[in-house]
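For this one, chain A is given, so just place chain B on it according to the hints.
In order, the protein sequences belong to chains A and B. Going by our numbering, the residue at position 81 of the first sequence is 81; the numbering climbs one at a time, nothing skipped. Going by our numbering, the residue at position 21 of the second sequence is 135; the numbering climbs one at a time, nothing skipped.
Simulated from the structure, these hints should not be mistaken for laboratory data. Misleading hints may appear alongside valid ones.
[Stated by the list, open to error] In silico SDA-like pairs for lysine to any residue, Cα to Cα no more than 25 angstroms straight-line: (1) A/K36 x B/T221; (2) A/K40 x B/Y153; (3) A/K18 x A/S86; (4) A/K40 x A/E96; (5) A/K40 x B/P154; (6) A/K41 x B/N155; (7) B/K216 x A/T114; (8) A/K36 x A/E96; (9) A/K36 x A/V60; (10) B/K216 x A/H26; (11) B/K216 x A/L45; (12) B/K172 x B/S184; (13) A/K41 x B/S166; (14) B/K216 x B/S142; (15) A/K40 x B/P126; (16) A/K40 x B/R136; (17) A/K22 x B/Y139; (18) A/K41 x B/H189; (19) B/K163 x A/H26; (20) A/K19 x A/E96; (21) A/K41 x B/S194; (22) B/K216 x A/S38; (23) A/K41 x B/Y146; (24) B/K183 x B/P229; (25) A/K40 x B/L160; (26) A/K40 x B/S184; (27) A/K36 x B/R136; (28) B/K216 x A/N17; (29) A/K41 x B/Y139; (30) A/K36 x B/L162; (31) A/K22 x B/Y153; (32) A/K36 x B/K163; (33) B/K216 x A/T2; (34) B/K216 x A/K18; (35) A/K41 x A/P66; (36) B/K216 x B/N138; (37) A/K40 x B/Q116; (38) A/K18 x A/Q95; (39) A/K41 x B/A131.
Here's the letter readout for the chains.
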Amino acid sequence: ETGVTQTPRHLVMGMTNKKSLKCEQHLGHNAMYWYKQSAKKPLELMFVYNFKEQTENNSVPSRFSPECPNSSHLFLHLHTLQPEDSALYLCASSQEGLGGYEQYFGPGTRLTVT
Amino acid sequence: AQSVTQLDSQVPVFEEAPVELRCNYSSSVSVYLFWYVQYPNQGLQLLLKYLSGSTLVKGINGFEAEFNKSQTSFHLRKPSVHISDTAEYFCAVSDSGAGFQKLVFGTGTRLLVSP
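If we strip away everything but chain B, and leave its shape as in the complex, we get:
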């Protein structure tokens, strides 16, 4: 079974500063990895995903993440954040051999961007 750990429940940062949201996973098989964002009163929206290939994945809104198999990590980064990036961010993992998308989510990290 897979599991996801997001150690930071909340990350405060000033506007235009860089940010990294940490995600570590545990799995005995090959995995797919995802980052989702949830804005207030909305559902989850996919930011980016890693299925295979290049370990550096670029997503929407200037976010990117790097898959590190040896460290079982998939940290999310953005070089310069905006106020509008304030939201909850969820890391998720699924078994690449599963017949359907059974996603296992972390507890989420709330990104708070202030002026």
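Excised from the complex, chain A in its bound form:
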């Protein structure tokens, strides 16, 4: 595997379900991000982990719970979601401190909440 991978690619869940999105980066980076991409809206930064520590939480509802067990893996745990949470969830990683400032994105998980 290379780059940033995300699983599953597609997910349909009911409002009472609990599911998790997984992201893995194979780039040796030290920062990872979750974004939400909804139609006709800018990408919304949800969470940032820098060296496994959460450094940003952009007022995300508590029904979204991130977990970063190590610098290569990032999870987004989902529970009691709402239909408006249907979107493409993108994971990204970057190497802070080297000046490259490029974020590498995964292909995303298309989430549909019914």
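Chain B only, in chain A's frame:
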């Protein structure tokens, strides 16, 4: 806080014609600027970036962009487009003093290239 405006939600163009995708930003501090491209069913891929130095930045796939500080713009251009350039293009800005890459994205411009 920064913000990005991409006024054109969709730009139709014929193959081999030139194209310009507009991006304006707002910030009270020095910024870094980026253009990303998203092909269908894929994540975002970096096209080019401006960090400092020359205001004309060249990227992948023949794209280039010019940073204009006085007009707070970072327009993306390509002299001759291909069908394969059909995609969504996102302009993004970040605070150059931020400890990590907090990118603020525009709403995107869909480039539609037809034969």
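Now the hints, each set against the structure:
1. Among the hinted pairs, A/K36 with B/T221 is consistent with the structure: their alpha-carbon atoms are about 12 angstroms apart, no more than 25 angstroms.
2. Proposed proximity of A/K40 and B/Y153 is supported: the alpha carbons are some 16 angstroms apart, at most 25 angstroms.
3. Between A/K18 and A/S86 the CA atoms are separated by roughly 14 angstroms; this keeps the pair inside 25 angstroms, and the hint holds.
4. With a CA separation close to 30 angstroms, the supplied pair A/K40 and A/E96 exceeds the 25 angstroms bound.
5. Taking the CA atoms of A/K40 and B/P154, the gap is about 15 angstroms. The hint holds against a cut of 25 angstroms.
6. Simply put, A/K41 and B/N155 have alpha-carbon atoms about 17 angstroms apart, close enough for the 25 angstroms limit, and the pair holds.
7. For the given pair, B/K216 sits about 31 angstroms from A/T114 by alpha-carbon distance, which is inconsistent with the 25 angstroms threshold.
8. The hinted pair formed by A/K36 and A/E96 meets the criterion: a straight-line CA distance of about 22 angstroms does not exceed 25 angstroms.
9. Between the alpha carbons of A/K36 and A/V60 the distance comes to roughly 10 angstroms, so the proposed pair stays at or under 25 angstroms and holds.
10. The suggested pairing of B/K216 with A/H26 holds, with an alpha-carbon distance near 21 angstroms, which does not exceed 25 angstroms.
11. The hinted pair formed by B/K216 and A/L45 meets the criterion: a straight-line CA distance of about 8 angstroms does not exceed 25 angstroms.
12. Distance check on the hinted pair: B/K172 and B/S184 sit about 20 angstroms apart at the alpha-carbon level, within 25 angstroms; holds.
13. With a C-alpha separation of about 29 angstroms, the suggested pair A/K41 and B/S166 falls outside the 25 angstroms cut-off, and the hint is violated.
14. Of the supplied pair hints, the one linking B/K216 and B/S142 holds, its CA atoms being roughly 15 angstroms apart against a limit of 25 angstroms.
15. Note on A/K40 and B/P126: the hinted pairing holds, with a Cα-Cα distance of about 18 angstroms set against a maximum of 25 angstroms.
16. In summary, the hint linking A/K40 to B/R136 is supported, as the alpha carbons are separated by about 17 angstroms, within the 25 angstroms threshold.
17. Distance restraint check for A/K22 and B/Y139: the Cα-Cα separation of roughly 33 angstroms exceeds the 25 angstroms cut-off, and the hinted pair is therefore not satisfied.
18. For the proposed pair A/K41 and B/H189, the alpha carbon gap of about 20 angstroms is at most 25 angstroms, so the pair holds.
19. With a C-alpha separation of about 23 angstroms, the suggested pairing of B/K163 with A/H26 holds against the 25 angstroms cut-off.
20. Between A/K19 and A/E96 the alpha-carbon distance is near 30 angstroms, which puts this suggested pair outside the 25 angstroms criterion.
21. Of the supplied pair hints, the one linking A/K41 and B/S194 is violated, its CA atoms being roughly 29 angstroms apart against a limit of 25 angstroms.
22. For the suggested pair B/K216 and A/S38, the alpha carbons sit about 18 angstroms apart, so the restraint of at most 25 angstroms is met.
23. At most 25 angstroms may separate the alpha-carbon atoms for a hinted pair to count; A/K41 and B/Y146 meet this at roughly 21 angstroms.
24. The suggested pairing of B/K183 with B/P229 is violated, with an alpha-carbon distance near 36 angstroms, which exceeds 25 angstroms.
25. Between A/K40 and B/L160, the direct Cα distance comes to roughly 20 angstroms. Compliance with the 25 angstroms bound is thereby established for this hinted pair.
26. Our distance criterion of 25 angstroms between C-alpha atoms is broken by A/K40 and B/S184, whose separation comes to about 28 angstroms.
27. The hinted pair formed by A/K36 and B/R136 meets the criterion: a straight-line CA distance of about 23 angstroms does not exceed 25 angstroms.
28. Between B/K216 and A/N17 the alpha-carbon distance is near 31 angstroms, which puts this suggested pair outside the 25 angstroms criterion.
29. Between A/K41 and B/Y139 the alpha-carbon distance is near 16 angstroms, which keeps this suggested pair within the 25 angstroms criterion.
30. Simply put, A/K36 and B/L162 have alpha-carbon atoms about 22 angstroms apart, close enough for the 25 angstroms limit, and the pair holds.
31. A C-alpha spacing of about 21 angstroms is found between A/K22 and B/Y153, which places the hinted pair at or below 25 angstroms, so the restraint holds.
32. Of the pairs offered as hints, the one joining A/K36 and B/K163 holds, with about 22 angstroms between alpha carbons and a cut-off of 25 angstroms not exceeded.
33. With a C-alpha separation of about 24 angstroms, the suggested pair B/K216 and A/T2 falls inside the 25 angstroms cut-off, and the hint holds.
34. With a CA separation close to 29 angstroms, the supplied pair B/K216 and A/K18 exceeds the 25 angstroms bound.
35. Restraint check for A/K41 and A/P66: the C-alpha separation of about 22 angstroms stays at or below 25 angstroms, so the hint holds.
36. Of the pairs offered as hints, the one joining B/K216 and B/N138 holds, with about 18 angstroms between alpha carbons and a cut-off of 25 angstroms not exceeded.
37. Proximity of A/K40 to B/Q116 is assessed by CA-CA distance (about 19 angstroms); at most 25 angstroms being required, the pair is judged to hold.
38. In summary, the hint linking A/K18 to A/Q95 is not supported, as the alpha carbons are separated by about 31 angstroms, beyond the 25 angstroms threshold.
39. Restraint check for A/K41 and B/A131: not satisfied, since their Cα atoms lie roughly 28 angstroms apart, outside the 25 angstroms limit.
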